[in-house]
Structure formats: C-alpha cells, structure tokens
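Engineer: Construct all of the structure, not just a fragment, from the sequences and the given hints.
Residue numbers (the working numbering), protein chains in the order written: chain A, 1495 to 2001; chain B, -9 to 279; chain C, 249 to 579; chain D, 249 to 579.
A few of these clues could be false.
[Unchecked claim] So, partial list: chain C residues that the calculated Cβ filter (under 8 Å) puts toward chain D:
no., residue
1, Gly390
2, Gly507
3, Glu555
4, Thr558
5, Thr563
[Said to hold, decoys possible] List time: in silico EDC-like cross-link candidates among lysine to aspartate or glutamate, alpha-carbon distance up to 20 Å:
no., chain 1, residue 1, chain 2, residue 2
6, A, Lys1695, A, Asp1832
7, D, Lys374, A, Asp1799
8, D, Lys372, A, Asp1799
9, A, Lys1627, A, Glu1764
10, D, Lys447, A, Asp1865
11, A, Lys1834, D, Glu461
12, D, Lys447, A, Asp1864
[Unchecked claim] Covered stretches of chain A (in silico footprint by chain D; criterion: 3 or more residues with CB under 8 Å from a CB of chain D, positions within the stretch not fixed):
no., segment
13, 1814 to 1821
14, 1858 to 1864
The hints are simulated quantities; they were obtained by calculation from the structure and are not laboratory data.
Computed from a predicted model, the values in this text were never measured in an experiment.
In this text, a Cβ means the ideal position worked out from N, Cα and C, and glycines have one as well.
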Amino acid sequence: MDALIELIGIGKSFPGVRALHNVNFDLQAGEVHALMGENGAGKSTLMKILSGVYRRDAGEIRLDGKPVEIGSPRQAQEMGIGIIHQELALMRDLTAAQNIFIGREPRQLGGWLLDEKALNRATQAIFDSMNLKLAPTVPVGSLTVAKQQMVEIAKALSYRSRILIMDEPTAALNDAEIAELFVIINRLKAEGVGIVYISHKMDEIKRISDRVTVMRDGEYVGTVPAATTSMETIISMMVGRTLSNEALVVPNTSAAPVALEVRNLNRGREIRDVSFSVRQGEILGLAGLMGAGRTEVARAIFGADPRDSGEIWVNGQRVGISTPGDAVHAGIGYLSEDRKHFGLATGMNVRNNIALASLARFTRPGGLLDDGAMRKVAERYIGQLSIKTPSDTQEARLLSGGNQQKVVIAKWLLRDCDILIFDEPTRGIDVGAKSEIYKLLNALAAEGKAIIVISSELPEVLRLSHRIAVMCEGRLTGMLPGGASQEEIMHLATQRQSAVAEMRHAG
Amino acid sequence: QDNYDIALISKGFQHQFWQAVKAGADKAAAEFGATVTFEGPETESQVDRQMDMLAAALSRKPDAIGFAALDSQAATPLLQQAKDAAIPVIAFDSGVDSDIPLTTATTDNVAAAALAADKMAELIGGEGKVAVVAHDQTSRTGIDRVDGFVNRIKEAYPKIEVVSVQYGGGDQLQSTEIAKSILLANPDLKGIFGANEGSAIGVVNGKTELNSTIVVIGFDSGAAQKGFIESGAMAGAITQNPVGIGYETVKAAISALKGETLPPIIDTGFYYYDKATMGNPEIAAVLYD
Amino acid sequence: MTDIAATPAKSGIRISGAFHRLLAFSGLIALVVVFSLASPNFMQTQNVLAILQATSVNGVLAIAATLVIITGGIDLSVGTLMTFCAVITGVVLTYFGLPLPLGIVASILAGTGVGLVSGTIIAKLKVPPFIATLGMMLILKGLSLVISGTKPIYFNDTPGFTQIAQGSFVGAIIPAIPVPNGVMILFLVAGLAAFVLTKTALGRYTFALGSNEEAVRLSGVNIDRWKIAVYATAGGICGVAGLLIASRLNSAQPALGQGYELDAIAAVVIGGTSLSGGRGTVIGTLIGALIISVLANGLRILSVPQEWQTVVTGTIIILAVYADILRRRNL
Amino acid sequence: MTDIAATPAKSGIRISGAFHRLLAFSGLIALVVVFSLASPNFMQTQNVLAILQATSVNGVLAIAATLVIITGGIDLSVGTLMTFCAVITGVVLTYFGLPLPLGIVASILAGTGVGLVSGTIIAKLKVPPFIATLGMMLILKGLSLVISGTKPIYFNDTPGFTQIAQGSFVGAIIPAIPVPNGVMILFLVAGLAAFVLTKTALGRYTFALGSNEEAVRLSGVNIDRWKIAVYATAGGICGVAGLLIASRLNSAQPALGQGYELDAIAAVVIGGTSLSGGRGTVIGTLIGALIISVLANGLRILSVPQEWQTVVTGTIIILAVYADILRRRNL
Ligand SMILES: Nc1ncnc2c1ncn2[C@@H]1O[C@H](COP(=O)(O)OP(=O)(O)OP(=O)(O)O)[C@@H](O)[C@H]1O
Ligand SMILES: Nc1ncnc2c1ncn2[C@@H]1O[C@H](COP(=O)(O)OP(=O)(O)OP(=O)(O)O)[C@@H](O)[C@H]1O
Ligand SMILES: [Mg+2]
Ligand SMILES: [Mg+2]
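Structural biologist: Printed below as a string of structure tokens:
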C-alpha cells in the first residue's frame, strides 16, 4: 500500500537552533505511528511542518505519493491533515462548541446566521461518541487543563481527517480518559485513518502503536515495529544509553516532625473537609480522577484561591495564608499544572524565569540585580535538568514543551522551599529526564523536605509516593501506604458519595 | 429684587479670556443680585458638546441664557426651544444667524486684527516678512483674526509678506515650538502676530528661547502678556474687553427680564495697548490678569 | 455572549441571572436616582430626551469601538472618521447637490472604505492597531480640513437633512414622547451590532480573534479577512455617527472629532468590555455611554462649577467600574 | 531586555547586532536626511537644539508611560498629572514663597503620591488601568483648576526657576553647544529609567508583570506592591515633566495637559514597546518621541500648511512603524 504521507530529508532551523536535520518519516493508512524522542528532539517542529504551521527549510513532503507544499494550516486541513497541538490552542472566551467548530460553524438562513443549536447538537454528538461528560456551552477558559485537552481532541476529531497528528494528547489526562481516547484511536484506525502519536508515556506506545520512529537532537534515528521491539531498545535509541529503573524505597519518616498539616479545608463544592499531613522527608502522592479536586486543594493551600474554611499548619505553627506570597514566605512552593498560564513568563528568558520566585536573593542593596549570579544559577539548572536551549537568554516561549516544564521545575528548586507541592511535575517530560526528576525529588526528600506530588499517572504516583492520599469529588477518600496497588487507588478514587447527597442539596 | 438664575454657555472655559468674561459676569451678578453659571467646551471645535451644554442649561429652566455660539447655525433648534419657553437669550462674543437673541455683546475681531496689522506694519517699517501663530483654524475668532490680519496686510502693505500662518490650539507649549520653527525657518523674519493669549505667550517664549529680536504683537491680556509688554519682549497687544463682555451680557439679560428694550448690538470695543498706554485708565480698566 | 451568569452562584443564596444583569445597570440607576432627588428638572421628559440625544453620537462611536476592542484591537480614529464621513456627505449633498439618500450612502461607504484601509494596514502589514488608527486619525483630521476648505459645510440646501437626527418618527405617532430619530438610530445600530456579535460568523470571529488570534489561525481561518471585516464594519458605523452629528449641527464641522475617541473607548470600558479582547457586550457599552452623559447632564443641571464637574466625573467613573467589579466578584 | 538581536541572523549573511540596533533609528535618520535636504535651516545647531527642547516634555512623559505600558497597563493621566505637579510647585514657590529646592521636591512627591493612589486603585481594587487613570486624568485636571483658581501661577518671584529647563549647564562649559538643561534632564531621566528597567528588581518585575502577571503571583511575589511601585515611579517622572514645562513657560498653566497622554503613548508605541506588555525599551521611546518632534519641526520649517501637516504626520507614523516591523522580521 502507498504511504499516506512521506517526509523525506526534512530540515528546519530557528535562529540559533537547528531543530531538524534530514528527518524521514512516513505514515500508512490505518496505522498508529509513534514519534518518540527526548524533549527538544524536534517532534513538534516536524509535525508543525506537516500541518502547515512552519515552512520547512529542506526536504520534501509527499501526500499519496505526490509532492505537495503545505503553506498554511488551512491547506493542511484541506489535504485532510488534522493536528492536536502540544500547547493548547483554544479561545478561552468561547464555549467548547464554538471552539470545536471555529471556521466551520453550521449556518442557517442562507449562510447569514450561525445555527447555534446545530452547533451544540453536533458538539454533543462528538462528546457522546467520546464518552465525555461536558456541556457544549461551557466557556473553555473555566475548564481544567485536562478538560481543555479533551476539547482539543474533540476538535481534531470533528475534522474527520485522513491523517491525524496527536502531539502529547494524554499529557494532561489520566487513565480513564486515556482509555477512552484509545477506544477512539482504535475506531479511527479501523476506518483507515493514519495517526501520528507523540507521547512520553512509554506504556502507551506499546498499547496502541504499530510502528515507532525515534528522533534525537533533530535527527532521524530509526523506525522499528512496536510489537517486536523492547522498550529498553526504544529508550536507548532515544537517549543514547540505557536507563536504570530504581525501585521505590519507602523511608521510615514516622518519627520526623510534621511539616505541613491541613485541617478541615473547604472551598465551595470543589474541596470538602480535606485534612491531611505530610512529614519532613516524606513524599505524599495525591491521586484521583480528573476533576477530583487535587489541584484545587493545592491552590487553596498555596493561597492562590481563597478558601472558605480550614487551617494550615507549618512546622507545628498555624499560618495565615491568603496569598501565594504568604505561602512562599511560610516555606511552601507550588508548581502549577498549567505552565503556560500559571508557570512561565513566556516572553522572558530562561534565566529570568528560573530566578522569578527568588529575585530577592539576587537583589543587592539599592534594588540592584546581580545578573551574573543569576546566570550562573540558571546555567547550573540547565545542566542539571538538561534543559535544551541555546543559552539562558533564550525566550522561554521558544523552548520545546518539555523543556519549558523543566524551567518551571528549576524555578521551584531554586526557591528552596521546605514544602513543595508539585502538580503534574513531569507533564510532557521525556523518560530520561523523568527519571532524573524522580531522583531529584527523592534527594530533596532525603534532605528533609516535605513533598506533595499530584499526578494523573498512577505508575508515577506509585513509583514516588511514600504515602498516597486519594481524592474523589472534593473529598479525601482514603490514605494508602507507599507501594499500594493500582486497584486500591482506583477503588478509593471512584468512591462517590455525592450521587445521593447531590439530590438533597438541589432540593 | 429677584435672584435671577442665568446660564452662560461660552466657547471655552479654562482660557484666561473666558475666565475674564466669567469674572465680568460674576461682577454683574453680584451687582444685580443674580446667580450665574458659566460653562464652555474643551476646545472651540466641539460644536456638539456645546449643544449638549445648552440643552442641559435649558432643562435647568434658567431665567435667562447667555450664549457664545461656536457655530452660527447649529444652535437654532435649541434657541427656538428657549424662545418657546420664554427664556430670553443674549448672545455674546460672536453672534448667531437668528433673530432670537435679544442683543449681542461683542467685539469686531476682524477690525481688531486689522489694527494689529497696522501696528505691526508701523513697527517693522512697512516691509519684510511676518508670520501669524493663531489658536484655531476653524473657530470664528481664529478665522476672523487671521483673516483680519492677513487681509489688511495684503491690502495696505504690499511690501510686507505673511510667510506662515500656523495654529497651536492656544496651547502655550505647542505655540512656543511653532514660533521657534518659524523663526528658525525664516531667519530674516521681522515680526509675529500671536492671535490669542496662549499663542502670543508661546510666540514670546519662542522668541526668548532663541534670543530673537523680532516684533511680537499679541492679543488679549493676562498677567504674562502684560509682563512681556512691560519688559519689552512684546511690542504691544490688542485687547478686547472680556470683563465688559461678561458684564454687559448679564446686565442685558437682567434688563430683558425686567422688560426693558435692548440695542441690537452692544459693542464692547477693543484697543491697542503698549508699554506707554498700558497705564491709561481707559485701557487699564479692560485689561485682566 | 461570554456570559458569566452561566453557572449558578456558589454561595447558598441563588440569585437569578436576570436580577444580576439588572445589577449591571446599578451604577447608572444610582446616578439617575441621585440626580432625580437632587433636582426636579432632571427627570423631565425634555431633559431625558436631551440626555439620550447627547448619548447618540458617542454611543454610536462607542459601538464601533466595541467591535474593534473585542478583537483585542483599538480604534483611535473613530472621532475623526466620523468627521470625515460628515464632510464627505457635505461634499455630496452641498457641493455636488446630489439627493439626500446618496449623501447617506456616501457617508457609510466612506466609513467602510476607511475601515477597510485601516484593517488592511493592521492585518496585512501587521502594524499595531494603536499606530495604524492613530495615523489614520491624523490623516483623516487633515483630509477633513483639506476637503472642506477648513470651514463648515452647511446643509441648508437639503432641508430634510436635519430630520435624520433631530426629527422624530416616534413623536409623529405618539406626540407625548418625541424621541428624536438620532436616539432611535442609536438603538437601531446597537440592536444590529448586538445581533451581528451574537448571531453571525463575523461576530463569532470577532470574539475568537480577541480570545486567541493564533488559535484561530491554527484552526485554518483566514484571520486577515475577518479582521479587516471588523474594522470595515466599525468604519461603517462611524459613518452613521457622521450622519448623526452632521444632522444635529446641520453642518459638517471639519475640525471636530479629535478627542472623541477617548470618550468612546471610555464608554466601552465602563461597560465592562476588556481592552485585552475576547469579551464585551453592546448593552454594556450603551450603559457606559449613558453613564457618561447622565453624569455630564446631571452635574450641569445641578449647576456644579465646571472644574468640579471634571473632578466628580473622574471619581464616579472609577467608582462605577469598581461597583461593577464587586458585583461580578460576588456573582 | 528581551532582545531579539541576541541570536545571529538565520540567513547566510550575518549582520551584527550593533548594526541592527542602528537600523532601529532608520526611520528617524531617514526623516532627518529628508528634512536636511529639503531645508538648509533644518540642520542648524539652533534648530537641532529646538527639536531636542521640544522633545523634552513629551519624552519625559513617554518614559513614564513606558514603565506602565511594559507592565501591560496604561497611564492616561500623565499629561494632567504633569500639570497638577506644576501647579503644586506653583503653590509651594509662589503662594507659600518657599525656596526653590522645596518646589522641586514637592513636584516629584506630588507625582509619586498620585502614582501611588492610581497604582493602589489598580492593584488593590482591580479597576482596569485604563479606567483608573482616565478617572485620575479628569480628577487631576479639575483639581489643577481648583487649586490654581483657574489661572496660571507665575514664577516671577523665583528667578532661578526658568533655569531648570531653559538654562544651560553644558553651554556654560562648552559655549558652542548650549544644550538646554531641559534636554539634559530628559537624557538623565532616560538613563535612570533604562538603568532601573534593566538592572534592578523593580525593572525585572515590571517586565515580568507584563509578561504573565498570574505566573508572577504564583511565584509568591507580592505583585500588588510592585505594580504600585511602578505607577508611583511613573508618577514621580511626571513630576519631573511638570517641572520642565513650568520652567519653560515660567508658569504653571492649569488648563494644559489633556491630550498630552496620546503623544506620550504614541512615542512609546512608535518606539516598539508593545501595548500588551512584557517588552519595551527606553531608547525606543526616546526615538519615538524624537520622530514625533522631528516631524513636527520639519514640516513647520518647510511651511507645509497645517492641515497637510497632520496628513503627512499620520502617514509617516504608520510608515515608520511598518519599516521597524520589516527590520525585525528580517532579523
Ligand atoms: N519558534 C522557535 N524558535 C526557536 N527555537 C525553536 C522554536 N520552536 C522550537 N524551537 C527549538 O527547536 C527544538 C525542537 O523543538 P520541538 O518543540 O520540536 O521539540 P519536541 O521534540 O516537540 O520536544 P518536547 O518533547 O519537549 O515537546 C528545541 O530545541 C526548541 O527549543
Ligand atoms: N477555573 C475554574 N473554574 C471553574 N471550575 C473549575 C476551575 N478549575 C477547576 N474547576 C473545577 O473544579 C473541580 C476540581 O478541579 P481540579 O483541577 O482541582 O481537579 P484535579 O483533581 O486537579 O483534576 P485534574 O486532573 O484535572 O487536574 C472540577 O470539577 C473542575 O471542573
Ligand atoms: Mg513537543
Ligand atoms: Mg489538577
């Protein structure tokens, strides 16, 4: 069978960065072709070329065997190429349905008027087919990143493309939604759609992909069949070495002093009477399904959102936290799950982003900044976290997604808080760097820091946590010891209480 | 004596000229026992804003209205409303194309500017280049004063050339910059006419900053212009009688309310003054600070 | 559009969306109540009509500005464009002596044409809207003076012309409420603009552009075309404003217009539209424009000295917007 | 700051950063060249000094506006705040008869104080900067008239006062180039502002706030405090402008100031600072301010009729910015 699409010898440079050099890639109808590589390997760039966002500097693109030029997103669409971008590209002030059908709104009265009803109906149909419970009329800006990601997926599906590119579609999702997505992918496959799938979650590759192409430093490394190639082989193709996978060691921290205690935290319907504590040197995992309220708890502790009631104690002292400034002052740091909106000052360079929470430390008398010291520190973290960037003065927005995430992590590592709350810290981070970050978190815990890790990836929670708190619908439904099983977590995560209670409230 | 409520809608508010009109109106109000309000738009181009002010004044149901029209026609419907409500209207500063105002207290700006041209010609010896810095390209006073000056020069002084007429909105700083540009562009310039207070002050500022010795003739008075004339930086200026305009307007309104008949025009007059004549009682009386 | 009242109140007490929408008027209502109590002349029919009449021009300009601001842009040329359109009408009707309908069409076409040019400079040359429309503001200011010969053009030869703003259709039917046509035109323009914003593709892209232009582009939409369309529409609306002001003054005043953009934008922002784009309503803009004219009128009726009028106006604008912010926060 | 020239050109030809930075002046240089060719009077020392002097007030105001705009805000009150500060100085020096240094301090303190108030309204009450500073603009305009009694306050009793802007320190040393002190003060303020922006924590937070305010807040930074500090600093700079203008006019003119904000913001945007915040330079603003005054001066020197001056100015502002955009694109 002819390839749907062939990329031959693609090259692309940005000022100061050679993002792609002589890259080959092809996609058959009805296959899932995984594209793998470390952060900054050039995966997104390659896909942006394929979808008309960037123009290539070199190489050739063939669609159904014929050379083509893809000059704009619109042209790509017309050729049947759809893409889910790694960075969410949504209009936050518009509703989900309006986002999905932007540019293709159903019309009435001879095309003069929008048919909002048809729009919402069509959207509802897509949501239903995805088993997604979301109102088509909800403004996208009010959704969590995960739900926004689902809207992006729905949008891509609505194009009914022959070629569908998914750039880290599951970075923000947890197992339940991932399972739904895979059902959809399998259905599309059966329909003959070719899918390019980018992800840093290795298990997914095994589950759905037919072939795997690996890139490293903007160059093509090779293409292998997924079924017969071992994970280790793929990883070594990606990172150029093999990774050791350390087992979880749960230290005994029962004698350590309590670093953070949360008592009876409440906030609207999102947080209901949450109490827990973390000891120094402990890593507490916070698990739950999408919308369980984990992010809300973290933000409330951090003072990012006001809370209705509840006490926060740090090192045995009650602290009044009403702003993030208070929290940082009390020694609490919070890494947000949404780096673009809440983590990075994208227009500023890497150095300033890393120093953003610690500027006071670099301020000399008279308000003067010690840029030299800032540079040294930034370069240290660029090395330590292997952030791929031409220099520490590169603007953050020009970094690849995973490298942006590393910059935000570096910001909090530099701040040196006693209590660190990491919300989806490894979102979009490649396997190699992930294990580096796990090591780092373990080292921080060993130093006596208290760490809360919120993650939608159960393996990650299991791999890291000394204890696991599970939430469901705003309540803390249970506390499990480290090394608990996935089944135990899922059981607690689905322990809904509200079905009954809700009826009473509504009356 | 009744305490009459009289609304004065002027062409401007913050400028010293209008403040002097206001002072005259206040003086008459105190004398005759009336309450006077005084309002005017931001710039002399905002004809519609002036209509809104007039409309609001009518809603207030004052006993009489004094009105200085920015446009001679625009206010006709509103003036009709005043007439229907039996509110006497007195025009001041410039007239309107309407027989509704009972009288007009005004100065002849064209003649006043022509007098400035005569004085300029005299001071520069009847030949050479001169320029005008005026306040507004489209307002009645702006047009009349520029035309009055330029036409008089053309008619009576063939050896004098008006090389540049520029407008600075009556803003001292902007007029300063304009005057400097004109001076630098025309090193052989003999004199500049500043067509209102802000323009005249700007011209003198520009002259001083460039250490120029040209002849400056101003318009209106105010502490700064008086000071410049005192010091010789300005040769002289035309003054109208703004205090008199305000005073006569209110006085005429009260006469009308008492049923007295009014002359069709109350000419409040204008004068040329310089260092020598500033002290004359008749002139000192019409100068304001 | 992007309605915040979509989700129920989180506090125990549920307040209906309608009531909350009413509260948006609270600043305006408070002003009206205070002025009514302070002066018996304020609530007279004639004065209410005067306020509405005073709102008409700024209201129409503010609606034009609303469209542009929702896209995340800004239009500083609305005031001088209005004047330019009025001058064009003057040329068509008075200099060329053509019939009235042609004058009306000319004004709206002139506005649309200039809007097309501004939009093209912004969309194609990527000049920031602030600069493009600032430049256009100056160009139009100069051209109006040039074309008119720096003097007003009167419409004395076109007797029906003043009826556009000053006549009263409504009054001809119900003599008790002689609402001037200018006011009805304002409402008409507002209704049309609201309709376009909420029901048509142009409206949808207006919000989409302001919300995330890059996302719209990545969705394959020809953003340049829609952006130009928005500026052209806004320009056409300025043409309507040009007719209104020319009709009110029975003349095209070529020097007027600069500075009006600030009042228009102020009405938009007081009405709750965000200068960063993506959200906004026409009704909000109308309320904003009304707040401005009620304030001006009320303070004049109360004979507040002019220098204090500005102080009070400034203070109340801040307070009104602050009250609106509190209302939204408690939603 | 966020310098695009940091990386080498992607094309074969490598153009040095310094050369590219020079190109930023290209619009300005082109204007200067054209005017020099068109009129022998343009390049005279005296005229160059006149242009610089004419830039001083707008330049200082534009620098104040630059700080605020980099945070993503806007300050419409710069013009009337300048006037307010001038009036305060008049009160201190002329009405109270206090010595000159106190007048200088009073002006800068008044500006800073008002900036504190505006900043607090914006940061604490969350009133959008456009509204807060629009309100403040009106309040200050009214207060200036009230305090001064709607008449100018002259500094005739303080003989040294005119020296602030009009005297020449430089000229006293090198008589050939009598650069007025006002111009030196502009450069001084520019240097200080550039220093603050690039070298201090305040500057870093200014950029950070404009880049992503929420991310800064979630980094534990007290954003309210820094935002207020920026507005206060801008206010203080307006105080300097107040001294400059009062010194040039030897009087505090209470009615002046409104409309100056537009020129100041225009200089900022022509200088390449984005109204959406996060990027901008003081040197760009200086160039923007110079472009405006060179244009005004050159067209006057050429005796272009006033109505055409505005047309040409509008056109050239658009072209200058477009040229700058092309330059950056080819970087
Ligand atoms: N617009 C741009 N300007 C400059 N450099 C860029 C730009 N876009 C991408 N790059 C650089 O190109 C390289 C490839 O980036 P790309 O986003 O394709 O990586 P990726 O493989 O998708 O990584 P990740 O897994 O982190 O998403 C990176 O070094 C990145 O910094
Ligand atoms: N900005 C917001 N506006 C409205 N509702 C929100 C907002 N953020 C979160 N929610 C809602 O609050 C609830 C809790 O969301 P939260 O993000 O805390 O969940 P989570 O457990 O962290 O899940 P996720 O995996 O999505 O991060 C969800 O029902 C979500 O839809
Ligand atoms: Mg990527
Ligand atoms: Mg979350």
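Engineer: All the hints need checking, so say for each whether the structure fits it.
Structural biologist: Status of the hints after comparison with the structure:
1. Gly390: holds, 3 Å
2. Gly507: With a closest approach of 7 Å, the Gly507(C) hint holds.
3. Glu555: holds, 4 Å
4. Thr558: At 4 Å from the nearest chain D Cβ, Thr558(C) passes the 8 Å test, so the hint holds.
5. Thr563: With Cβ-Cβ at 6 Å, under 8 Å, it holds.
6. Lys1695(A) <-> Asp1832(A): holds, 18 Å
7. Lys374(D) <-> Asp1799(A): Holds, at about 16 Å.
8. Lys372(D) <-> Asp1799(A): Status holds; Cα separation ~16 Å.
9. Lys1627(A) <-> Glu1764(A): Roughly 17 Å between the alpha carbons, so the hint for Lys1627(A) and Glu1764(A) holds.
10. Lys447(D) <-> Asp1865(A): Roughly 8 Å between the alpha carbons, so the hint for Lys447(D) and Asp1865(A) holds.
11. Lys1834(A) <-> Glu461(D): Given pair Lys1834(A), Glu461(D) holds - Cα atoms ~12 Å apart, limit 20 Å.
12. Lys447(D) <-> Asp1864(A): holds, 8 Å
13. 1814 to 1821: holds (count 4)
14. 1858 to 1864: It holds: at least three residues are needed, and the segment 1858 to 1864 of chain A offers 4 whose Cβ sits within less than 8 Å of chain D.
The structure meets every hint from the earlier list without exception.
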